[in-house]
Amino acid sequence: MVTTEEEAVRAVPEADVTPRGRQLRTATTIARDYGMHLALVALIVIFAIASPDFRTVENLLNILNQVAVVGIVSVGMTFVILTAGIDLSVGSLLALTSLSSGVFAATQTSTTGTVLLALAVPLIVGLVGGMINGAIVASRLATPLIVTLGTLTAFRGMAVQYRVNPIHNLQDWYREIGSGRTAGIPNGIYIFIAIILVASLVLNRTRFGREVYAVGGNEQASRAAGINVARVKFAVYAISGLCVAVAAIINTSRIGAAQAIAGQGLELQAIAAVVIGGASLFGGRGKISNTVIGTLILGVLFNGLVLLNVSSPIQNIIIGALVVAAVSLDGFFRRRSA
Amino acid sequence: MGSGQKGEGMTDLPPAPPDGRAPSGVLYPGGPEGHQPSSVLIDQTAPLITLRDVRMQFPGVLALAGVSLDVARGEVLALVGENGAGKSTLVSILAGLVSGYDGEVLLDGSPITAGSAKESIALVQQELSLVPEFSVAENIMLGQLPHGRLPGLYDRRKMDAEAQRVLDILGVDLPLRRPVRRLSPAQSQIVEIAKGLARQPRLLILDEPTSSLTTVEAEKLFSAISALRECGVAVLYISHKLDEVLAIADRVAVLRDGRKVTEGPSVEWTEERLIRAMVGRDLSQFYRRTPHTPGNVVLEVKALRAPGRFEDVSFVLREGEVVGMAGLVGAGRTEVAEAIFGLSPARDGEILLNGAPVRVKSPRTAIAHGMALVTEDRRQSGIVGSMATSRNVSLASLVAFSRGQLLRRSVESAEISRVASRVNLARHTLDRAIGTLSGGNQQKAVIAKWLMRTPKVLILDEPTRGIDVGAKSEIYRLVDELTAAGMAVLLISSEMPEILGMSDRVLVMRKGRLVAEFSREDATEESLMAAASDASTRNGERSW
Amino acid sequence: MRSNRLRAAAKSVGVMSLAVALAACGSSSGGTAAGGGKRVKLAVEYGALSFPYHSALKLLVHAKAKELGGVSIIEGDSNNDTGTELANVQNLLSQNPDCMLLIPVGNASSAPAEAAQGANVPVVSFDQKAAGPAKAFVGYNQLQSGDLLGQFIVDQYKALNKPKIKVIYIRGIIGHVADTARNQGLKATLQKAGLDKDKVGIIEQSADFDRAKAESITNNLMRQHPDTDIIVANNDDMLLGAYSATQTLKLPTGPGTPLHLAGVDGVPEALKLIGEGKIDATMFQDPVAEANTAVTTCVAAAKGEAVSDTVLSFRQVTKADAAAALDSVKSLYK
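Protein chains in written order, with numbering that gives the first Met the number 0: chain U, 0 to 337; chain D, 0 to 543; chain R, 0 to 333.
Hints may be right or wrong, so weigh each one.
In the SDA-like style, the derived pairs of lysine to any residue whose C-alpha atoms are separated by at most 25 Å in a straight line are [claimed, not checked]:
no., chain 1, residue 1, chain 2, residue 2
1, R, Lys191, R, Lys212
2, D, Lys240, D, Phe133
3, R, Lys249, U, Val114
4, R, Lys196, U, Leu307
5, R, Lys212, U, Asn227
6, U, Lys286, D, Lys455
7, R, Lys277, U, Glu175
8, D, Lys455, U, Asn227
9, D, Lys301, D, Tyr286
10, R, Lys186, U, Ser311
11, R, Lys249, U, Glu175
12, R, Lys212, U, Glu175
13, R, Lys40, R, Gly131
14, D, Lys360, U, Ala41
Simulated from the structure, these hints should not be mistaken for laboratory data.
None of these values were measured; they are calculated from a predicted model.
Next comes chain U alone, as it looks inside the complex (with noise of 0.2 Å):
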């Protein structure tokens, strides 16, 4: 089907388009492109009519502040999706990387220096447990999926073994990190947004951002240009479990606790996100900014969803059929169009 829309394009003039042509084709595009878009905004319209407590300034805020954690492993995993590869390591790695911001952020010691550790220590383990991942996989001894999964349980285990008992009693300032508000907006937000702008700009500006797409695209065609395959692969897996970091001294002090069993099934809502944003788990295809609108409807379907009362089990089977029906349309879509 490639070559036969290449054939039509190239077969008539543009003059030549139909008014209908023109409408369809450009109904189409819109639906792809943006499709994920509309159906945040429905959602949002949605809870909006049904509920009176969600169209509040402070809600939707309190929405953006929720989504924060979630969001910035997704945008890690975006990372990592790209080049065709997977995580499935970061919420056992948000449970070590919590202990270790904990274990400095506990008020018994309260210095500069233990602020500066309880900030420093958890990006350096987030890092290097994103590394041991990157390293495994830019060497092909073991697909990523394999190599997250045995990190996903050896992280876990790390942390059950360093402490089974959560580090509470965190100083006043660490939990100002994620409960606290400047300027009347929480920080988790600004936290949020900061990663955001980051990632976007080394995506789409940075000779990095570029050899991601392409390796995930292509590897052996990116080999074969020259790129160094195997150090984009690590790096992505770095940028992951340095994302995962930041998500954990954020949830570690919001819930006022580094827990070993913090971020459970994480994974899967960071890869739902990404994929309900329209990449591609084969590579090559996605965007922050579409795994952010991804992370927002799936916090924008949780919060409404509580605010409505809706049950558990039911919210479960909303947003589980959400993310396949979002997934479906997607490739319907695209289908359609290419």
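Given the coordinates of chain U, assemble chains D and R onto it according to the supplied hints.
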């Protein structure tokens, strides 16, 4: 490319039964109409397929602007035209792959349906549709595996026997139980054709069937087509190789811009006239080679060796020179190119660039040393299909456009425009995903990608495979211009006219070794073929 | 140290059956129950050692075994997975233990207990009732913790003296044994007290026993229902998530404020906040009494003695006795 396994299969399989059974009797007992009871009532002189004013509107564009065409029983009709002329759309309609067209398509005088198309028409396409893990026989018989004694099982022996019968018609031997992933591209292509044939169609559509076949292999396909014609099967043959078309077809129809421009018996056509009809203009000179004296040696390869792939390969490449590399599929030409470019480095030997030895461990080092490779398999290793054409073009030169990691996008797009116009790549193609472009435009973009780096050595591996006449001639023009500016080109091709028309010197490889070198004057189709296939070849050895 | 802990245990277990009290005292005074005879090999299978409570039980089981003397321990961790559970139990059985303490992952699969029976190893189901043939059960009555949560609401209703109060009820994984029992207990108690929908409005959401999810849910619901009087949760971890959300929203909580909080378990973090007056109450389950009784019961079963169920009761801990309760468990949650 897996062609290293060439020939192995022959040894572990007994030769085809030498009983010389007539193909017609085997595959079509009583002819193709014999198993169609309804055909008794059908006028056998009426066309098998009739198209009447078929129009196809895709969202926004008109792919077919009213085509009328007949395909008679037992005729070989060639369909030619540039990429974008509407051939693929036409074929897709016939094969029942697309619907929603205007006009009439009749099969045996009644409107074609998805069901009747499936029953009577088999389509063999360029893009391979085989299951890599399945065996040759399983792939050939896929969709009609003979039932076994237990429900849900299939009869393996019967399957093998029937697959073998189809291969006999094609006159080739393939190891039936070998998984397709271990076959060479040429062997896979044969399996693809056999698969179409196994369905005992009344119309067999072959879309560029010889694009990865060598001359010898193609010859066998042609005799198989002749045999099919004898037993009343109609063949719709689509190819860019006009010499083939004229040799095999009874009639030729030319499509251009979604319209049928002309048609007629193939005896009335010449290649030149066909080209003129296809492109709507004269191509004064197809192969362009301006003679000039070669300069210094740029690339020297000394005793390059990669066990199992090639042995003791030595040659030189001079500035401004086009060196052709001929040989059968699987002779090791691609492997040599990949070794020089660092995709799969050789084990022993030396590579010298401008007289200095270099260690090429990866394409990155090769590129840094001023080499470029247009790979044989464009989709697999030449393009990133999901990326915009423009980004494919700049992919190998990103460092040049960045300050640190940050891309300077204005510099990048200026440079893209420059090389795009150099290879005559239309502006509107630049923003589109390269995977949606025609083969010709894709190839131009791939070449543009390398021109951006102004390489000293350009290796072209089957650069015109599956691309249209217009793009082909542009690529030849480009090669001529580049060499005039001092670039050295190594041209690997299975198309004899291309090798002969473009090369200053020709190297011939056979079974992993360089066996002959000809000057432009001494090289003829016969001399090259003789060297490539080796007169002393034993019976068991074939080109696949 | 040892007697300290036991004293604390004896004090903390409120409505303890006489049999348990005797068993506990017997072991504390003697320490020779197992000393005289042959060595006893005890197999212990934990539901998930990543759960702090199970981890605490493990420490206590080891301490008790050491105290008794002559008791060796082999153990496994089901990792909250029934498949792992069965495999671990089979592995443990192949080492010929004399008795098995089993904390089942769920109460549905009878295979682990049947496997033990097949190997002629007596099973004492521990903390949660296992399906299948067990000699005895040592653990808490989960339904009763729900009763206490319900009673907490009833008491608050009376104290608040309003015609109608609003309660946010955060549940665990729907279908989980403890969640089901606590939910039943809570609803039954409210019904018995005659508190219907018109008197107590319950907004119910599941946070899957996950602290972060409880935080989000509370954050959402407290904005929608700022007039909420009570938040109860089916475990302390979720209650702590809810507490965290109230802090973010800068809502005062605890006795004497408009918002009252209560949970189940008695984890140190919650006990500490109760002591500080930020949380009203938790339904405390004391791991000390539970682990000690489990070990003595299993040792008795190993010797072929007749054993019976010991069903312990939760006890509501409020500000008054929070310090003592915290003291008793502090060392277990390190």
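Against the structure, the hints come out as follows:
Taken as a hint, the R:Lys191 and R:Lys212 pair is broken in the structure, with Cα atoms around 31 Å apart against an allowance of 25 Å. For the hint linking D:Lys240 to D:Phe133, the alpha-carbon distance of about 31 Å lies beyond 25 Å, and the restraint is violated. Annotation: proposed proximity of R:Lys249 to U:Val114 holds, straight-line Cα distance about 24 Å (limit 25 Å). With a CA separation close to 18 Å, the supplied pair R:Lys196 and U:Leu307 stays within the 25 Å bound.
Taking the CA atoms of R:Lys212 and U:Asn227, the gap is about 41 Å. The hint is violated against a cut of 25 Å. A distance of roughly 37 Å separates the Cα atoms of U:Lys286 and D:Lys455; the hinted pair therefore is violated under the 25 Å criterion. Using a Cα cut-off of 25 Å, the hinted pair R:Lys277 and U:Glu175 holds, with the two alpha carbons roughly 19 Å apart. In summary, the hint linking D:Lys455 to U:Asn227 is supported, as the alpha carbons are separated by about 22 Å, within the 25 Å threshold.
Our distance criterion of 25 Å between C-alpha atoms is broken by D:Lys301 and D:Tyr286, whose separation comes to about 31 Å. The hinted pair formed by R:Lys186 and U:Ser311 meets the criterion: a straight-line CA distance of about 18 Å does not exceed 25 Å. Taken as a hint, the R:Lys249 and U:Glu175 pair is honoured in the structure, with Cα atoms around 12 Å apart against an allowance of 25 Å. For the given pair, R:Lys212 sits about 19 Å from U:Glu175 by alpha-carbon distance, which is consistent with the 25 Å threshold.
At most 25 Å may separate the alpha-carbon atoms for a hinted pair to count; R:Lys40 and R:Gly131 meet this at roughly 22 Å. Annotation: proposed proximity of D:Lys360 to U:Ala41 is violated, straight-line Cα distance about 54 Å (limit 25 Å).
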